[in-house]
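Peer 1: Given next are the chains, with one letter for each unit.
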Amino acid sequence: MKKLINSPDTVVTDALAGMAAAHPSLAVDLENKIIVRAGGPTAGKVGLVSGGGSGHEPLHGGFVGYGMLDAAAAGEVFTSPVPDQMLAATKAVNGGAGVVHIVKNYTGDILNFQMAAELAEDEDIEVASVVINDDVAVQDSLYTAGRRGTGATVFAEKIAGALAERGGSLAEVAAVVAEVNERSRSFGVALTSCTVPAAGKPTFELAEAEIELGIGIHGEPGRTRAPLASARDITAIALDAIGADIPLTGDLLVMVNGMGGTPLIELYGIFNEVNRYLAGPDVRIARNLVGNYITSLEMQGFSVTVCRLTDTLTDLWDAPVDTPGLRWGR
Amino acid sequence: MDAEFFRAWIAEIAAVVEVQRDHLTQLDSAIGDADHGINLSRGFTAVQAALAQADTPTPGSVLLLTGSTLISKVGGASGPLYGTAFRRASKALGDAPEVDLPALAGALEAALAGVQKLGAAREGEKTMVDALAPAVGAFNKAVAEGASAGEAFSALTDAADAGAQATISMQALKGRASYLGPRSVGHEDPGAASTVLILHALRDVAARSTG
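In the order they appear, the protein sequences are chains A and B.
Residue numbering for the first sequence follows the working numbering, starting at 23 and increasing by one per position.
Residue numbering for the second sequence follows the working numbering, starting at 8 and increasing by one per position.
By construction, these hints were calculated from the structure, which means they are not laboratory data.
A couple of the hints might just be wrong.
[As the list claims (entries may be wrong)] Facing chain B, according to a computed beta carbon distance under 8 angstroms, are these residues of chain A, among others:
{"#": "1", "residue": "T101"}
{"#": "2", "residue": "D106"}
{"#": "3", "residue": "N134"}
{"#": "4", "residue": "V160"}
{"#": "5", "residue": "R170"}
{"#": "6", "residue": "V218"}
{"#": "7", "residue": "P243"}
[Unchecked claim] Covered by chain A, per the in silico footprint, the following chain B stretches (three or more residues, Cβ under 8 angstroms):
{"#": "8", "stretch": "45-57"}
{"#": "9", "stretch": "83-96"}
{"#": "10", "stretch": "180-192"}
No residue lacks a Cβ here, since even glycine has one placed at the ideal position from N, Cα and C.
So that you can see chain B by itself, here it is in the shape it has in the complex (with noise of 0.2 angstroms):
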């Protein structure tokens, strides 16, 4: 997986948060500010525009100029947190010109610690975390196991859904849904369903490089 790969895989997922936008925003409509479709379109829209300017020779820097720009155009919680998971998985790439399997298990783990790290949220708090650290174990466990990039980018997805799905019933610690107290209960976390979006675009970006 190259440089080309990677900018793929961001083009792909600033048009699935395009298409999804209004659903983002309705879910966060639910239990929280009604924004995160628009903050994420706004988001991808100029990280597109900042790649379509700049020279990302290698995986890392695709990454790196993709974070720092979700930091600087997004705001909210949403812009730092998946900022700092592309620069995180950005550093964890280097300088490489081609990224195999187990680099990107690597640089999920260290986009996995980062978001952990700056939002301080753990698994069961109903947040993006209950759909990234899931995906991230499950790929990193497909991968260490030998499997073919096909059933480890399965296994990544399948993971991230089923998280973001028992996100419905848990009740938010975290976020601006934890201000609903149970009353959060019932209802998809947004980032988490944002976060199975660009799990899902990495999947079928790599499904089509492949052929």
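Chain A on its own, in the form it takes in the complex (with noise of 0.2 angstroms):
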């Protein structure tokens, strides 16, 4: 294993402590491993709270701020922050109008804000959960965990992040995220693995020619394992997975993520594909984001998210947001 690290008993604290001294707008609990804005909760404002494992950075800490959320619990990586972080995190950004937990669909996240949110109500802070499941390459079914949360949680931070900014209450900010939950589809594929440090080797090993389709945000293997293709044929693999699932038209927002290790010269060229594949008189990429936006470490490979865009969306996607990971308007 090489990495930049001092020792993985270290790497979240250490990160953490980066990323209070680079970003003073952002106040950060080491005890905890909670990062929240600077300055206290905003009074009448609903908080908005993330987290989950390190690993996928600049998700959560990175979108803390004005517009988006106001904390972000960073679990060790790859595995779920425990409930006493995310209560501190709920405490703490309690403005008196009631917190959102948004939680990405994986069963230790689950379980873990769940008893959050059950802490947090024995101290009458109210909470919303709402759970983003947005990747296609899962079967859903009643007798399973269901989908993952993966690319459509930064659309769910920033629109929710707008609303709550906007004064937007409790139950509204909540039915936004599920609104761009229901709204968004991704797809992922992995050019290699990682490694998590702790593990000291990577997750699965990939063949020279070989890459896994529909890949999480863990490192984890996919549903199938493929040839290496062009960007073009691998495009349209994501695309018509997600197609298959909603229908890709209307004004869209799309997001070619990169995995942590993939060369943005390679995202633009998947992009260019995205925007080849999308062309049509009846769609129209109306916003995208292209970048390291949720990531595995240092994986190679990309994923892509469609969320189809209402105007009311659009508009909240356009409103200011000053965070580490997204800043425009402002």
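Assemble the dimeric complex from its two separately framed chains, guided by the hints.
Peer 2: Have a look at this one:
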């Protein structure tokens, strides 16, 4: 394992301390491993909390700031945070109007956030939890853990953050998270695995000319393994899978997201193919993001997330945001 | 079985998890996210530290502190699930200073019920329930039939072993391995494997204490 770390045991806290040093607009509680906006909660504003395992940077801590999250809880690498952390985050951002928890659909995240929400309600903080499950690679069914939460989390945090900033109620902010999730789908592809620092070796092995299709964001293997193909063909596989699930028509918000080890030259090449694929009279890429937003350590690969916009969602997307990971309009 | 016995059990789990840390993580690499051994090792190390500092006069208090610490320190799915198991077992034991086999059977039953309620998992879905449920069933049956402690603990671990082995051919329907669909077949479930370790530790400590 070759990583720029001091020790696998301190990798999360070292990064959090670095975030604090780099961004004076953030306050970092190293004990609870939470990142909150400096200056405390805004009275009367719905608080927005997310969290999850580390290793997905800039998600979630890099999306704390004006117009997006109020707090993020950082777990160990790829391991959901514990309830105490989410509770501390919830209390830190409670401005009296309730707190929305944005939870990615993984068993661990669900269980820990659920316990945190119960603890918060014991302290008379109203919590609304919304689950993100946008990954089309996983077959959904009543009998399984269901789809994973991936790229739509970024969209939901941005759009809900804008609505909260405008004074949306707890129910309204929670509803817009659910709406963004409902209108979004993702598909991921890996060229390499990644190495969890404490594990010391790659989670899976891929041959030189092999790729994994339908990956999540934890270095876990995907649905199928396939031979390496051109950017055009791989993009088509991803968008075919998404298009089989939601109509790719109207105004779309499209994110081409790097998994952590993918050069931007390749991500822009992929976006070019996405743009080509989505050309047509009844479809328009109205907004886009190209870059590393929800990563899987140093994995090479990408994911595509598509959200079917409404005028309201576009307006909320365009609203000012000022976080380490997303910044415009302010 | 007194508080000392239960502290010895937890110490044995911590030692075994440390030895098997990489093996559990390896199992999790195949069908999950390569952190199960790491997380349990961190959790039981924290439990050992907590037990060293606190006064735990009853079996129930040992298990309560164990469960609460796991929930606070582990994260992931295994933290809440194992944490809940120990807390439910603790609740079932109440304040009793000594626990006999039927009381332990009841506590294990409560632990299983807690795990199944929280995780919404049933047998056959390739989870820790596939080791825990048959083990608890076999233990309770042996105790109800008046088996000796040795026989009852053997029944417990034999059933857990068989249950964990059976997960190899299962397709995962719950937890992170479920994302692999049919590709999850052919691998032992890491949660079932760690449940086996925890129950073996119980048997081994019981064998030691009865000489």
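Peer 1: Hint by hint, where does the structure go against what was stated? Just the numbers, ascending.
Peer 2: Hint check: nothing fails, all pass.
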